[in-house]
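Student: The whole structure should be built from the sequences, with the hints applied where relevant.
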Amino acid sequence: MKKQIQGRWALRPFSFLLAFLVVSVITAGFWWLREDLTLANISLIYIIGTFVVAVWLGTGPSLAAAFYTFFCFNFFLIKPYYTLKVEDPRELIDLLVYLLVAVIASQLAAYAREQAEAARRHAAEQNILYSLSSAFNQLTDQASISQTLEQQLPVYLPVSQVEMLPEAEKNAYTGRPDDEPTTSYLILQTGDTIYGTLRVVFTAVPTDSQMRLLMACTVQAAMALQRIQLTESAQRSHTLEEADRLKTALLRAVSHDLRTPLTIIKTSADNLIDLHTRLPEAEQLEMIQTISSEADHLNLLVGNLLDMSRLQAGAMTINRHWNTLEEVAGDVAARVWQRHQAERLWLNFPDDYPLAQFDYGLVLQAVSNVVENALRYEPPTSLVEIRGESDAAEVRLLMINHGPTIPDELKEQVMAPFFHGKDGRIGLGLAISKGIVDLHHGRMWVEDTPNGGATFVLALPREGSTPPLREGVS
Amino acid sequence: MLILVVDDEPQIRKLLQTGLSGYGYQVITAANGQEALTAVAQRQPNAVILDISLGSEPDGLDVCRRLREWSQVPIVMLSVRSGETSKVAALDAGADDYLTKPFGMEELRARIQAVLRRASMEPASSPTAVIHSGDLMIDLANRRVTVNQQEVHFTPFEYDILRLLATHPGQIMTHQTILAQVWGSDYQDMTHYIRIYVNQIRKKLGENPAANLRYILTEPGIGYRFVERHPKP
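Chains as they are written, first to last, in our numbering: chain A, -16 to 457; chain B, 3 to 235.
If you're looking for bench data, these hints aren't it; they were derived computationally from the structure.
Check before you lean on any hint, since a few could be wrong.
[What the hints assert, rightly or not] Listed next, the stretches of chain A that the computed footprint assigns to chain B, with coverage defined by at least 3 CB atoms under 8 Å from CB atoms of chain B: (1) 166 to 174; (2) 297 to 307; (3) 342 to 354.
C-beta atoms are modelled at their ideal positions from N, C-alpha and C, and glycine is treated no differently.
Tutor: Have a look at this one:
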C-alpha cells in the first residue's frame, strides 16, 4: 500500500502545485482583509481549504497544504507580519490547534477518498470478471478458452503475452520467477484437477491489484475448463450407454439369427455322415447345397454384424475419391445378375451425371444392401429401377421398387439396426447403408413409388468442384 | 501341375488340398512363410496360393516380396474381407491375383487356371493383332474398335485405356498402373480421370451390366479387369 502511495506522489507533482496554489490564493485574500478578520475566521476558512484539497487531491498534497498554510498563516497573517514570531501566546494556540485539525481532517478525507476509489476499482474488476465468465460460458472447447484469454487479458491488464501451457508444465513454475519479474505463471485448477498453466508477460512489474485481477481471471478460466470437461464426460457416457444398448440387441441377434443357419448346417452335415449310403443321390446333393447356401448366409450375417459394430464404434475409415454412382450401380447390377442369373434391374442415368467424392467400396455395399432389399419385394414381372439424379448440392441414387408400400410410421424404422422384417430375420443391411451414407455426410430416406412400392433415395453431397479434366488430342 | 498351398490353418490346408486334387492338380502344402520359401526353391511349383496373414514371421506379404526377388511363379493371395488396402498391398508385393475368404472352390480354380495360362503365355508375349470378346473386336494394328460389326469412335485416351485392359485379359490393372501407362507418372493422384474415361468407354461399348453384358469389371478401390473370355453370342 505504502509503495503505491509513494508511486502516486512521484507521479503527480502537479497535485502538489495545485494544493500550494489553493493555499496561496486563500492567503492572498486574507492578506488583503487581514485587518478586518479575526484569527478564528481565518483558521476556519483555512480548514475548509485544506479539507477541499484533501478530498480532491489526497493525503500527500493535503498534508503539504496543511504545513504550507501553517507557514502562510504565521508569516503573513499573524503579527508581527513577515516573521515566524508570534506576539500573543493565545495566537500560538490557535495556530497549533489549526495545524492539528488540518492534519486530522486531511487524513480522514483522504481515507474516504481511497475507500471510494477501492470500491470503484472493485466494481470494475467485477465487471471484467462478469464479462469474461459470460464469454467463457458460450465456449465448448479448450482451444477457444485459451484464445479468449489471449484476446481479453490484454484489454484489461497491461500484458504483452498470454499463453496456455499444457498440464505437463504444472510443476515447472508457480507464481513469479525471480529472474523474470514481469512474467507470471498461474495454475489453472479446480479442486485436485489441473487443466494447465497460464503464462502471462506484463509490460511492467504488475501491482498487487493487477495480480489479484489476473488470479480471479484464472479462476474463471479454470471453472470454464472444468465445465467443458464435465460436459464431455457426460457425452461420452451417453455414447457408452447407446453402445451398451446396441450390444444387448447384438447379442440377442447373434444368439438367434446365427444359430439358425448353424443348426441347419450342422444337421445337414450330420445327416450326410450318418445316412449318406442310404440316402438317394438327389437328396444328398440337396443337403450339400443347403450347407453351402446357409454358409453363404452365415458369412453375410457375420460380415453385416462386423460392419454394424464398426459403424457404431466409429471405427470405419473412409477413403474418399472422385467416383460416380453410375459405376456403383453398374457393379451392383452385375452382381445381381451373378446371383439371380436374370435381368432384374433397369439402370437409368442421364449423360451428364456428375462425380462425387466417396469411398467406392463402402458405397457399393450401401447401394447393394438397398438393392437386395428392394429385389426381395419386387414382383417377378417388373424390374427394380436404379435412377441417377443430381442438383447443385447433391448427387442422388433412387432405387425404385414396385412392391408393397412402406407405411409412414415405419419409414424411419426400417433403417434402424435390428429391425425385424416380415421374414423374421434381422435387418442390418439398411441400417449399414444408412450408417455408410451418414459417414459421407449424406442422406438416405424412403418415399412411396407413385403407383405403389418403396423408393429408397441415397443422396451424397457434392463437396468441392469436380476436378478439371485435361483431355488430350481427341 | 504342382500347386503350393500356404496357410497356417491345418483345416484350410487340408480342404484346399482335397479340393484342388479333385480338379486334377498335384498339391503340396506349407504351414508358414519359411516352409513356403523352401518349398518353392526345392519343388518349383507352377503356382502358389498364399494366405496373407500367416500368424508368424514372415507373413504372407513378406513371403510374396521375397519370392519375387528370384521367382516369377504365379501367386494368388488369400485375404479375409477387410477392405482394399490389403489387396492393394498384395498386388504391390507382386501377387498376380487375390481372393477374399470365404470363397468357392470353383472360383479358386478359375483364378488358378487364369494365372497359369498367363504364365505360360508370358514368353511369347507378342500381342495378338486382333482381340475378340463377345461382340467386341479390337484391331490393335489399325486402332479400330467394332461392337456388333459397327465401328465405334474412341478418343486417344479412351482407346489407350481399353487397349491396356484388353491386352491383359483377366488381370487386375490398378488405377496407378493405368494412370502411369496412359498418362504418365505425373498423374498418380488423378484417379478421377479413369472414372470418367472408363464410364465413357463402357457407354460406347454398350455395356448393360443388368443383363450381364460387361467387358470391363470394377475391382472396388483397386482398379479394373478386362473380362477374360466373354461368351460368344
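Student: Examine the segment 342 to 354 of chain A for residues whose CB is less than 8 Å from any CB of chain B, and state whether their number is three or more.
Tutor: The restraint on the segment 342 to 354 of chain A holds, since 4 of its residues have a Cβ under 8 Å from chain B and three suffice.
Student: Are there three or more residues in the segment 166 to 174 of chain A whose C-beta lies within less than 8 Å of some C-beta in chain B?
Tutor: Violated, because only 0 residues of the segment 166 to 174 of chain A bring their Cβ atoms closer than 8 Å to Cβ atoms of chain B.
Student: Would you say the segment 297 to 307 of chain A counts as covered by chain B, given the rule of at least 3 residues with C-beta under 8 Å?
Tutor: holds (count 5)
Violated hints amount to a single one, hint 1; each of the other numbered hints is respected by the structure.
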